[in-house]
Amino acid sequence: MTRKQKIFLAIPAFSLAMIGDYLMGINSIGTDSTGKMVWNVVADWRLALSAVLGMLCAVLFAVSAIETCKMLEARHPKSKYVKLFKISNYAGILFFTFIHIAICMLIVIFNAGFEATGNTELAKGMLFRVAKSVSIPLILQFVFTDVLVTIAWFGIVLKGDIKLPKWTVILNPIIIALIGQLINFIPFSFMGADSGFESFGWLLMYAAIYYSEKKNTKWKSI
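In numbering that gives the first Met the number 0, the protein residues as written are 0 to 221.
Be aware that a few hints might be false.
Unchecked claim - With a cut-off of at most 27 Å between alpha-carbon atoms, the simulated BS3-like pairs for lysine-lysine come out as follows: (1) LYS82 to LYS214; (2) LYS123 to LYS69; (3) LYS123 to LYS158; (4) LYS77 to LYS158; (5) LYS131 to LYS162; (6) LYS162 to LYS3; (7) LYS213 to LYS3; (8) LYS213 to LYS5; (9) LYS69 to LYS79; (10) LYS3 to LYS79; (11) LYS158 to LYS69; (12) LYS213 to LYS79; (13) LYS131 to LYS82; (14) LYS162 to LYS79; (15) LYS5 to LYS131; (16) LYS85 to LYS158; (17) LYS79 to LYS5; (18) LYS214 to LYS79; (19) LYS77 to LYS5; (20) LYS77 to LYS131; (21) LYS123 to LYS5; (22) LYS123 to LYS213.
Claimed, not checked - Pair ranges (Cβ atoms, derived): (23) ALA111 to PHE189: 41 to 51 Å; (24) GLU120 to LYS3: 32 to 42 Å; (25) PHE189 to MET54: 24 to 34 Å; (26) PRO76 to ILE185: 25 to 35 Å; (27) ASN26 to ALA73: 42 to 52 Å; (28) PRO76 to ALA130: 33 to 43 Å; (29) ARG128 to SER211: 27 to 37 Å; (30) ILE185 to PRO11: 26 to 36 Å; (31) ASN39 to PRO164: 34 to 44 Å; (32) PRO11 to LYS131: 14 to 24 Å; (33) LYS69 to ALA111: 23 to 33 Å.
No lab work stands behind these hints, which were simulated from the structure alone.
For every residue, glycine included, the Cβ atom is placed at its ideal position computed from N, Cα and C.
Based on the provided sequences and hints, a complete structural model is requested.
Okay, here's the thing in structure tokens:
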């Protein structure tokens with residue numbers, strides 16, 4: 000595969016992740032438009048398919064991220080933001096599959112607990128007990144991927160390490176996820192409307208990188 004093709008793989012990767020996120024999130028566990036927490040049982044096949052899509056995303060993303068980081072390092076070997084971008088992306092390669100499947104399993108645990116007991120509070124207790132045991136990697140994943148890549152992206156775009164308009168700094172997982180949270184409070188939105196927005200932020204970020212590199216005059220020689 001060419002470098003261009005490898006970088007492009009992040010776009011289908013995070014498209015799959017978004018589908019997986021919505022399979023987990025729509026009418027599942029979350030908040031409604033009033034901000035009230037809602038707990039619903041969803042079909043196990045949705046969670047099983049979501050886990051498979053998460054694995055496929057991780058494989059495609061790994062190819063794209065490694066190639067993108069190589070390219071940025073070759074062009075800007077001393078940039079601290081490029082180094083930070085590499086750390087966050089490599090953390091994503093390490094964490095994404097585990098985190099996605101872990102969240103799927105938390106929902107399965109709630110489903111099984113509710114079906115066995117018929118008691119929402121007991122089922123929630125089971126979920127929270129398991130969630131506590133994986134809370135550290137969940138927090139680390141958020142910090143080392145979403146937070147660090149957002150900081151890196153601001154630096155890379157504003158310093159001109161990637162030739163993009165300054166407004167494209169908003170194309171990152173944190174800001175797009177926050178926009179998704181706002182959508183939850185629209186009265187006609189559906190529960191879980193925000194589910195895929197974090198992945199959408201990654202998709203937009205990599206789409207911007209691909210667009211920038213496609214316009215690069217050196218592209219044909221890569």
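Evaluation of the provided hints:
Distance restraint check for LYS82 and LYS214: the Cα-Cα separation of roughly 23 Å lies within the 27 Å cut-off, and the hinted pair is therefore satisfied. Taking the CA atoms of LYS123 and LYS69, the gap is about 44 Å. The hint is violated against a cut of 27 Å. Taking the CA atoms of LYS123 and LYS158, the gap is about 46 Å. The hint is violated against a cut of 27 Å. Pair hint LYS77 plus LYS158 holds up; C-alpha atoms about 13 Å apart against a cutoff of 27 Å.
Taking the CA atoms of LYS131 and LYS162, the gap is about 42 Å. The hint is violated against a cut of 27 Å. The hinted pair formed by LYS162 and LYS3 meets the criterion: a straight-line CA distance of about 16 Å does not exceed 27 Å. Of the supplied pair hints, the one linking LYS213 and LYS3 holds, its CA atoms being roughly 8 Å apart against a limit of 27 Å. A hinted pair counts as satisfied when its Cα atoms are at most 27 Å apart, and LYS213 with LYS5 qualifies at roughly 13 Å.
Proximity of LYS69 to LYS79 is assessed by CA-CA distance (about 14 Å); at most 27 Å being required, the pair is judged to hold. For the proposed pair LYS3 and LYS79, the alpha carbon gap of about 24 Å is at most 27 Å, so the pair holds. With a C-alpha separation of about 18 Å, the suggested pairing of LYS158 with LYS69 holds against the 27 Å cut-off. Between LYS213 and LYS79 the alpha-carbon distance is near 24 Å, which keeps this suggested pair within the 27 Å criterion.
About 31 Å separates the Cα atoms of LYS131 and LYS82, which puts this hinted pair outside 27 Å; it is violated. As the CA atoms of LYS162 and LYS79 are separated by approximately 17 Å, the hinted pair is consistent with the 27 Å bound. Using a Cα cut-off of 27 Å, the hinted pair LYS5 and LYS131 is violated, with the two alpha carbons roughly 37 Å apart. With a CA separation close to 16 Å, the supplied pair LYS85 and LYS158 stays within the 27 Å bound.
Restraint check for LYS79 and LYS5: the C-alpha separation of about 24 Å stays at or below 27 Å, so the hint holds. For the given pair, LYS214 sits about 24 Å from LYS79 by alpha-carbon distance, which is consistent with the 27 Å threshold. This hinted pair checks out: LYS77 and LYS5 have alpha carbons roughly 24 Å apart, not beyond 27 Å. Only pairs whose Cα atoms come within 27 Å are accepted, and LYS77 paired with LYS131 is rejected, the gap being roughly 39 Å.
Using a Cα cut-off of 27 Å, the hinted pair LYS123 and LYS5 is violated, with the two alpha carbons roughly 42 Å apart. Restraint check for LYS123 and LYS213: not satisfied, since their Cα atoms lie roughly 48 Å apart, outside the 27 Å limit. Checked against the hint of 41 to 51 Å, the pair ALA111 and PHE189 fails, with Cβ atoms roughly 25 Å apart. Between GLU120 and LYS3 the Cβ separation comes to about 53 Å, which falls outside the hinted range of 32 to 42 Å.
At about 26 Å, the CB distance of PHE189 to MET54 agrees with the hint of 24 to 34 Å. Checked against the given bound of 25 to 35 Å, the beta carbons of PRO76 and ILE185, roughly 45 Å apart, lie outside it. Distance hint for ASN26 and ALA73: a CB-CB separation of about 46 Å, consistent with the stated range 42 to 52 Å. Between PRO76 and ALA130 the Cβ separation comes to about 41 Å, which falls inside the hinted range of 33 to 43 Å.
Separation of ARG128 from SER211 is about 46 Å and departs from the stated range, judged on CB atoms against 27 to 37 Å. For ILE185 paired with PRO11, a C-beta distance near 29 Å keeps the hint of 26 to 36 Å intact. As the Cβ distance of ASN39 to PRO164 is approximately 41 Å, the hint placing it in 34 to 44 Å holds. The beta-carbon spacing between PRO11 and LYS131, approximately 35 Å, falls outside the hinted interval of 14 to 24 Å.
Distance hint check: the CB atoms of LYS69 and ALA111 are about 44 Å apart, inconsistent with the given range 23 to 33 Å.
Checked against the numbered hints listed earlier, the structure breaks hints 2, 3, 5, 13, 15, 20, 21, 22, 23, 24, 26, 29, 32, 33; every other hint is satisfied.
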